[in-house]
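Note that the protein sequences, when read in sequence, are chains A and Z.
Quick note on the working numbering: the first sequence kicks off at 1 and runs consecutively.
Quick note on the working numbering: the second sequence kicks off at 1 and runs consecutively.
Hints were generated in silico from the structure; no laboratory data involved.
Any given hint might turn out to be false.
Same chains, same names: a pair is fine if it fits in one copy or spans any two.
[To be verified] Straight-line Cα separation of at most 25 Å, DMTMM-like style, residue types lysine to aspartate or glutamate; simulated pairs:
(1) Lys570 / Glu354
(2) Lys722 / Asp402
(3) Lys715 / Glu488
(4) Lys722 / Asp176
(5) Lys715 / Glu374
(6) Lys715 / Asp402
(7) Lys722 / Glu374
(8) Lys715 / Asp386
(9) Lys715 / Glu378
(10) Lys112 / Asp569
(11) Lys357 / Asp402
Number of protein chains: 2
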Amino acid sequence: MQRSTPKLQQERTYTTNAGRVEVGVGLPYDCKPGPHPDCPGSLRMSSVGDGAGGDGGSTASQGKTPVVKAFRGLEGVGSGWTKASCPCCVAERVEPLVLLQLGEQVQPETKKWLIRLIGASVKEGGAALLSHPGEEDDGDILVISAPRCTLLLAAEELGLSKAYHNGDIAAFSYQDRGNFRDSDDMQKFMTLAERQYVVKYELDGLRAQRDLRVPGFSDGFTLHRRDNIWQKLREAGVIVDMFPLNNEDKLKALTKAWYLGNQLAQPLDMIHEYFGGTFAFYFSFLDFYTWSLLPPAVLGLILSYFSGAVQKEALDSISGSKVTVADEDADSPSVSGHVIQAVFSMLWSTVVMEMWKRRSTSLSYRWGTLHLAERFAEPRPGYHGDMGVNPVTGRVEPLFPDWQRQLRMALVSLPVVGLFLGLVVLGMLGFYWGEAQAQLLHRDWDSLLSTVLLYAPSVLHIVYTNVLGTVYRHVALSLTEFENHREESAYDNHLTGKVLVFTFFNYFAVLFHIAFYKQDVPLLRKRLASLLVVTQLVNQVTEVVVPFLVDRFLSAPNRTKRDDDPQEDKFRNQGSLPAFPGLFAEYIELLVQFGYLSLFSCVYPLAAVLLLINNLTEIRSDAFRICQLFRKPFSAPVAGMGVWQTAFEVLSFVSVISNCWLLLLSPRLRELCQEGGLSTRNILVLAILMEHVLILIKMALAFLIPDEPDWIRIKRERIEFKSMQALGQVSEL
Amino acid sequence: MQRSTPKLQQERTYTTNAGRVEVGVGLPYDCKPGPHPDCPGSLRMSSVGDGAGGDGGSTASQGKTPVVKAFRGLEGVGSGWTKASCPCCVAERVEPLVLLQLGEQVQPETKKWLIRLIGASVKEGGAALLSHPGEEDDGDILVISAPRCTLLLAAEELGLSKAYHNGDIAAFSYQDRGNFRDSDDMQKFMTLAERQYVVKYELDGLRAQRDLRVPGFSDGFTLHRRDNIWQKLREAGVIVDMFPLNNEDKLKALTKAWYLGNQLAQPLDMIHEYFGGTFAFYFSFLDFYTWSLLPPAVLGLILSYFSGAVQKEALDSISGSKVTVADEDADSPSVSGHVIQAVFSMLWSTVVMEMWKRRSTSLSYRWGTLHLAERFAEPRPGYHGDMGVNPVTGRVEPLFPDWQRQLRMALVSLPVVGLFLGLVVLGMLGFYWGEAQAQLLHRDWDSLLSTVLLYAPSVLHIVYTNVLGTVYRHVALSLTEFENHREESAYDNHLTGKVLVFTFFNYFAVLFHIAFYKQDVPLLRKRLASLLVVTQLVNQVTEVVVPFLVDRFLSAPNRTKRDDDPQEDKFRNQGSLPAFPGLFAEYIELLVQFGYLSLFSCVYPLAAVLLLINNLTEIRSDAFRICQLFRKPFSAPVAGMGVWQTAFEVLSFVSVISNCWLLLLSPRLRELCQEGGLSTRNILVLAILMEHVLILIKMALAFLIPDEPDWIRIKRERIEFKSMQALGQVSEL
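Put together the whole structure using the sequences plus the hints.
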């Protein structure tokens with residue numbers, strides 16, 4: 001039940017001494033919290049785009065510029081670390097945040113240039129970060145950290161909210177930093193994930209202020225004005241990899257609180273602190289969703305108990321025994337149960353999603369991401385367009401009209417996605433047709449060849465589906481790139497949305513075909529039961545067991561861990577772990593579960609029970625995976641689940657249609673109605689009426705349950721009121 | 001085509017000289033635009049609620065207080081007007097804005113007290129307005145005006161946006177008033193309707209700072225602390241009436257630009273200036289909606305031309321001739337026409353409403369009401385609750401928890417409204433049953449009495465409907481009062497919503513009964529045609545002709561207008577006109593039209609043509625009504641049509657269901673399908689599928705067409721960005 005913020009008072013940070021990284025007890029940054037007029041970072045809010053900034057560190061060919069001197073000549077203070085370019089950020093201890101893996105062929109002079117670029121102030125076109133060259137000056141790694149001013153300015157630019165001195169959470173403002181709690185102690189002020197993300201954010205956003213040649217290369221490699229430097233360096237193989245470093249003590253504390261004990265609740269705040277918003281929201285949702293499975297699970301058990309036949313039936317279908325005519329009869333006592341289950345699950349799904357929205361808003365407020373200012377920050381690196389003045393912020397940046405993006409989405413993306421969905425359906429129909437043909441052929445011909453041919457449709461369909469999926473992923477990526485979204489989150493959401501629709505369609509096309517076209521409820525029930533059991537098992541195995549075995553027996557021997565290893569080797573070792581594959585697979589698994597449950601709930605009442613059991617183990621295995629089996633991933637501050645929220649909500653509405661239809665198919669129900677003197681037509685009209693009423697109720701529920709708790713609404717309105725007043729006071733911005 | 005802001009440079013305002021009101025050329029208020037430290041109005045933003053404000057003008061029993069002296073002794077400056085309590089607001093000319101009709105029995109000392117109350121500063125519990133006692137000090141009228149500071153402060157409190165010196169429209173801030181255009185000339189800065197509304201707003205918001213006795217009454221009438229003074233005075237009969245005064249020159253200019261010429265467009269800005277937001281939005285919508293009827297009208301004409309039969313049919317049904325079997329046959333060529341018409345009208349209604357939203361936002365921006373701050377202003381007078389500190393604004397005011405309001409709405413309002421809708425249905429069913437019984441009785445019995453009894457059901461139903469409607473209006477009022485909304489607009493919207501649902505149900509219950517229960521398309525068509533023609537005609541007559549005749553022959557003789565009349569008599573004459581009954585009837589007429597058109601369009605393709613013709617005359621007659629036949633109404637600043645927007649949108653979605661159903665009923669279509677080998681069941685499934693797809697398309701359209709034009713989005717985001725920056729700069733508000 002440990003859900004409070006971890007109070008690790010004695011943060012361990014790393015300092016370097018004579019080129020070797022060692023572990024020591026960290027001290028808070030020793031600079032004063034007051035505003036420092038000399039801090040070059042404070043110039044960042046002015047228009048960065050005009051290349052008129054002074055003769056910066058990026059003009060490398062000039063040799064020993066003043067900037068170079070500034071950090072090569074002062075090794076004593078930062079002990080190997082470059083010195084912060086602003087005096088108020090000089091710290092005794094520097095915390096290594098991110099490891100940069102350079103290409104093997106990278107020349108020492110390129111590395112030197114890179115160090116200078118990373119350390120130069122923003123005004124000079126640098127990233128205003130700290131770097132450490134590792135054990136050897138010409139080695140192939142670079143450890144990067146961020147000084148206080150850079151972190152604070154980025155926090156403002158990203159729109160992070162932090163605790164104000166009066167206890168409220170308020171959007172951080174660099175100018176007002178003195179009034180924010182702990183704003184002089186970065187370890188407490190920002191989470192580890194945020195600090196690491198800031199490093200990535202700064203590096204990814206680097207743009208060349210003028211044309212310049214990268215030293216250490218034959219003249220082929222030059223950067224042009226406004227080029228995204230990091231992208232170019234990656235393309236040129238200068239930077240091979242970049243990943244956030246683990247903090248072993250924190251990780252140990254986290255694993256203990258998370259999956260090693262017998263806790264029922266997850267340490268969400270610790271997850272947020274260590275892994276960042278994306279992961280914290282995923283695990284929060286997983287947690288919330290798992291507990292919300294309790295009511296349908298209980299109802300399912302009760303209904304199954306009262307109609308023992310259903311239970312037997314379910315066992316039958318799991319064990320794969322033939323569903324006989326008896327099944328049709330066993331259905332009879334559970335007609336009312338069917339209806340109860342269906343109506344319950346339809347309302348349940350809406351209530352759950354609405355309650356989650358509230359929870360999500362609370363979490364977002366607590367984690368300071370409710371008012372992210374992504375719209376007002378620099379556009380994402382891949383964004384392109386004609387250079388111009390942003391009419392909102394007044395900064396010079398690439399501009400791309402919204403209507404053009406919408407046009408591209410409507411005229412290109414939509415038809416292409418539709419085409420691929422059509423191809424999925426086509427594949428499925430082809431498979432059924434092929435199977436029928438093969439059966440026919442086999443009956444007529446009955447030879448060894450025809451027996452082999454019986455398997456051909458399945459094999460072809462699997463190959464087809466896989467090829468289609470791979471092609472689609474690439475197409476989705478290009479399409480989203482082509483749509484040219486300004487914000488990272490918009491890009492992510494559109495990409496995820498595209499892949500998600502396709503994947504979901506792939507999963508459910510067959511089930512929908514059985515339910516709506518074949519109208520074969522027993523087959524549907526059989527399919528559903530086996531899917532629920534088999535896919536969950538397969539998932540758990542592929543997600544955890546395989547990576548674990550790979551890690552233990554293939555990778556680990558190359559990665560002997562000893563406590564007396566130099567810190568640098570420990571860092572290198574982290575790089576040998578595979579990169580985390582992202583949360584898409586995790587979310588889609590939940591979505592498919594939710595789909596089974598809400599779309600076809602009335603067919604298989606025990607689904608919720610199975611899913612509840614599965615998810616309780618899933619939480620732990622997911623936690624183990626992310627903590628141990630993969631490299632630590634970057635995580636941007638986010639305000640919620642993004643497009644997944646929408647996906648779950650849409651599904652919950654589609655479920656009404658599907659459930660009403662399935663109830664209509666229930667043969668007993670139809671008999672009952674016909675006994676009551678209703679014609680087929682009237683039953684259908686009745687079902688439509690019921691569907692419309694249920695959708696209306698769901699919409700009313702969604703409307704009536706406020707998306708944010710009252711206390712957050714009040715805080716939000718207070719902020720709006722204050723901004724309104726502030727705007728009146730500060731004229732002429 | 002005059003749509004630009006009227007530039008009446010030489011505003012005519014009224015000054016009073018020795019008690020007699022005369023017309024003179026107005027001068028701008030002569031006070032400086034700079035901040036005036038002495039202005040008591042500037043204290044208003046501090047918490048008004050604490051009764052600790054000095055010994056104010058409200059303590060009337062003390063006789064000659066300093067305040068009384070201040071305005072009774074300086075008649076020379078304001079020539080009969082009370083003097084503004086803040087020096088910067090003293091003006092040469094005062095514009096009479098609102099007329100207060102006092103009860104006949106009101107004593108001169110009560111009137112004196114009232115004048116003092118109206119003139120006292122806000123800090124002293126007064127309204128900080130100017131008043132003029134009319135010709136005689138003890139007469140029964142009071143003319144009221146507002147000084148500059150009061151107007152400006154109210155503009156900020158209401159959240160009005162005005163033109164900034166750089167041309168942008170920005171939320172007005174009193175502190176920053178020097179930077180707003182024309183902020184020293186109230187006649188240009190605020191519209192006449194706004195100035196008049198401010199007077200009403202200030203007076204309605206008056207609350208007693210302490211228990212006090214109203215002089216001129218026997219001791220029975222006292223005001224208690226926090227009582228709403230205006231409400232109490234109305235209840236006690238001190239104030240009989242309050243209405244804004246017409247400005248004859250402006251009215252003349254407006255009528256000329258509006259309905260006297262042959263203009264196709266309406267002078268919307270002038271309407272906004274003179275009559276205020278509510279009316280400007282109504283006429284804008286009427287205008288927009290009328291022009292958007294062109295496409296369906298043209299389509300209807302084309303379809304009718306190509307299937308001449310439909311035309312004949314329509315004429316038949318208008319002329320009332322029996323719809324014979326030939327009608328069924330005449331239906332045959334128009335099946336595809338039916339489908340085209342239905343699908344077109346379904347998509348048309350969504351596109352129109354989305355485009356209107358954009359237009360509405362643009363208008364709202366242009367009229368400075370896009371960022372109304374009603375939430376942050378004082379609650380409406382009728383709002384009650386425990387006194388407490390508003391957590392958002394920090395002011396002391398009555399508080400009433402939201403959840404309690406929602407509970408009341410869900411558990412009381414919703415069931416009661418449902419009950420009344422049920423009573424409507426019951427009445428209709430009773431009418432059908434009664435008619436059948438009467439027919440039966442007549443056939444069996446056939447006497448004079450039975451012939452009379454034939455009419456009984458109709459008469460009873462009409463009486464029942466009317467009684468029900470009257471009762472419902474009262475119930476709706478009490479329910480909305482009981483819900484205790486904080487904002488005037490929320491109160492209005494909920495009240496309007498309730499009445500609107502009932503009225504709409506009343507109108508359409510019979511049509512839905514015919515369409516969905518009786519499933520009798522020819523009867524529906526007949527009913528629709530007669531309703532379209534008859535109700536429009538009746539409406540025009542009752543709305544315009546009757547009031548015109550009443551005005552001309554009954555009221556006018558008592559109201560002889562002569563140019564040399566004293567100004568006061570002219571003002572009094574305005575009071576003899578009937579009060580404007582509000583826009584409810586106008587909007588519901590449009591909504592019912594829209595309902596006929598979208599719900600049953602495929603049945604009667606010529607509906608759009610008839611409605612287009614009707615609306616072109618409707619615009620003029622409505623304009624004539626409001627300008628000439630009624631007293632000028634108050635109008636609060638509003639950001640749009642409020643609940644009517646929702647009503648139109650909901651209707652547009654319901655229309656999909658209704659149209660799909662009607663298409664299904666089309667006998668030819670069914671025959672066609674059966675020829676194509678489709679069973680009844682499959683046709684139904686097909687119709688459901690079509691319905692769902694159409695609703696999906698409508699939702700996609702509504703989602704894809706942005707609710708605000710791009711240029712407004714940019715301006716809005718710029719304001720948000722500026723507020724964010726401002727909030728960071730102004731810490732510790």
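These are the hints, each one checked on the structure:
1. Proximity of Lys570 to Glu354 under the C-alpha cut-off of 25 Å is found in neither arrangement, the shortest distances being 45 Å within a copy and 59 Å between copies.
2. Proximity of Lys722 and Asp402 under a CA criterion of 25 Å is satisfied inter-copy only: 22 Å between copies versus 31 Å inside one chain copy.
3. For the identical chains of this complex, Lys715 and Glu488 are inter-copy neighbours only, at 23 Å across copies versus 27 Å inside a copy, given an alpha-carbon limit of 25 Å.
4. Within a single copy, Lys722 and Asp176 get their C-alpha atoms as close as 15 Å, and across copies as close as 16 Å, so both meet the 25 Å cut-off.
5. In this assembly of identical chains, the alpha carbons of Lys715 and Glu374 lie at most 25 Å apart whether taken from the same copy (21 Å) or from different copies (17 Å).
6. In the homo-oligomer, the alpha carbons of Lys715 and Asp402 lie at most 25 Å apart only across protomers (15 Å), although the nearest pairing inside one protomer, at 32 Å, exceeds that limit.
7. Taking CA atoms no more than 25 Å apart as the test, Lys722 paired with Glu374 passes in both settings, with 21 Å inside one copy and 15 Å between copies.
8. Taking the shortest Cα distances, Lys715 and Asp386 sit within 25 Å of each other only across copies (21 Å), while inside one copy they are farther apart (39 Å).
9. For the homomeric pair Lys715 and Glu378, the shortest alpha-carbon distance between copies (19 Å) is at most 25 Å, but the shortest distance inside one copy (27 Å) is not.
10. Within a single copy, Lys112 and Asp569 get their C-alpha atoms as close as 21 Å, which meets the 25 Å cut-off; across copies the closest is 91 Å, which misses it.
11. With identical chains, the CA atoms of Lys357 and Asp402 are at most 25 Å apart between copies only, with a shortest distance of 19 Å across copies and 28 Å within one.
When held up to the earlier numbered hints, the structure conflicts with hint 1 and nothing else.
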